[in-house]
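Based on the hints, put chain B in the right spot on chain A.
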Amino acid sequence: MKKYAFWAITALLLASCASNKTATMGEKYALMYEEKPATVVVMPPINKTTHAEAKDYFYTTMYYPLCEKGYYVYSPYLTMELFQQESAYDAELFLEGDLTAFRNMLGADAAMFTIIKDWRRNNVGGKLTVEVEYILRSTKTGETLYTREGKIKLDTSSGGGGGSGLLGAAMKLAATAISTALTDKVVAGRKCNAYVLSDLPAGKYSPRYEVDASAEAGESPVEATVK
Amino acid sequence: MNSRIIMIAAALVLTLASCGSSEKSLYSWYQYEDVTYRYSKNPTDEWQEKVVEQYQKLMDSQRGTRKTVQPGLYAEYGFLLCKAGKTEEGVSYLKKEIELYPESEQFISRIIKQFEE
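Protein sequences appear in the order of chains A and B. In this text, residue positions in the first sequence follow the working numbering: the first is 1, and each later residue adds one. In this text, residue positions in the second sequence follow the working numbering: the first is 1001, and each later residue adds one.
Chain A extracted, bound-state conformation:
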């Protein structure tokens, strides 16, 4: 009996590991492997929510994961100045438009657009919902090289403790309010990046460059609840 249980657990573990994805990254993002963009400019996020500050929170979070993916990423702090000078801080104007200006001004091969669709906190549950669509477009051809959407819920409650009953609930609420006061909106953005960009084909500075074509592509949208 014990033996059967062991095998059942083994099978389950292996099954959960090799989930039911189908396409490889090379198939799903063929244009990425064809064009091989090396330099990426992060466009100011397009904010479709009523939270004006979401754009600001999210903008600089893209730099780190794209660098770690092996791309040359123009520092968002530096490009922000340029965007403001050239009145390009509203990326919506470029989402479907001509991108050669960014090729000429920066030398960027591709532009990463993000559309923030949801950025909302449920105060009682302490959950922060972030929904963002990512679109990487070629500055050469204007084609979309990569696109994926993330729906991430960040559980900001302090978890455990606080006891039960009304007092416990009140204490928990207070703890949540304190822990969410500062940067958890930034944290939520970072988590969303991490989930979504996990299957972005690697750039030339990564050891995964080109070899990741045979890896399985992820699903879109990618949904997760994280602590």
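Simulated from the structure, these hints should not be mistaken for lab results. One should not assume that every hint holds.
[As the list claims (entries may be wrong)] Now the in silico label distances, taken between C-beta atoms and shown as ranges: (1) Asp90(A) <-> Glu1117(B): 20 to 30 Å; (2) Lys1086(B) <-> Thr22(A): 22 to 32 Å; (3) Ser220(A) <-> Thr1087(B): 29 to 39 Å; (4) Leu93(A) <-> Met1059(B): 33 to 43 Å; (5) Ser214(A) <-> Asn1042(B): 41 to 51 Å.
All of these numbers come straight from a predicted model, not from anything done at the bench. Glycine is no exception: its CB is placed at the ideal position from the N, C-alpha and C atoms.
Quick look at chain B alone, frame taken from chain A:
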């Protein structure tokens, strides 16, 4: 029997380990994200000091697999120096960015021009 179970267990551990492989970072980041974000929101002298500290740490001790400074970092630091009036030193860091990442030349030389005017 026992050795068989151990072998299976070992194989299982290996399989799972390869499945949840956490890749090593290309670069060290330390508190870069937090400190630069706070500085951008609150550009006081105190935070500027902390940002400069971060940049120095990032330039001096890169332990990632690439063993070099990440894209844009020399440029950010150089830009900060230029803005603080240390144009000469700042420009030298901006040039370092181009040296390390020639693909940045178009953009960085634009910035250099701004400060050298």
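Checked hints:
1. Asp90(A) <-> Glu1117(B): 20 to 30 Å: holds (28 Å)
2. Lys1086(B) <-> Thr22(A): 22 to 32 Å: violated (55 Å)
3. Ser220(A) <-> Thr1087(B): 29 to 39 Å: violated (46 Å)
4. Leu93(A) <-> Met1059(B): 33 to 43 Å: Because 36 Å falls inside the window, the suggested range holds.
5. Ser214(A) <-> Asn1042(B): 41 to 51 Å: holds (46 Å)
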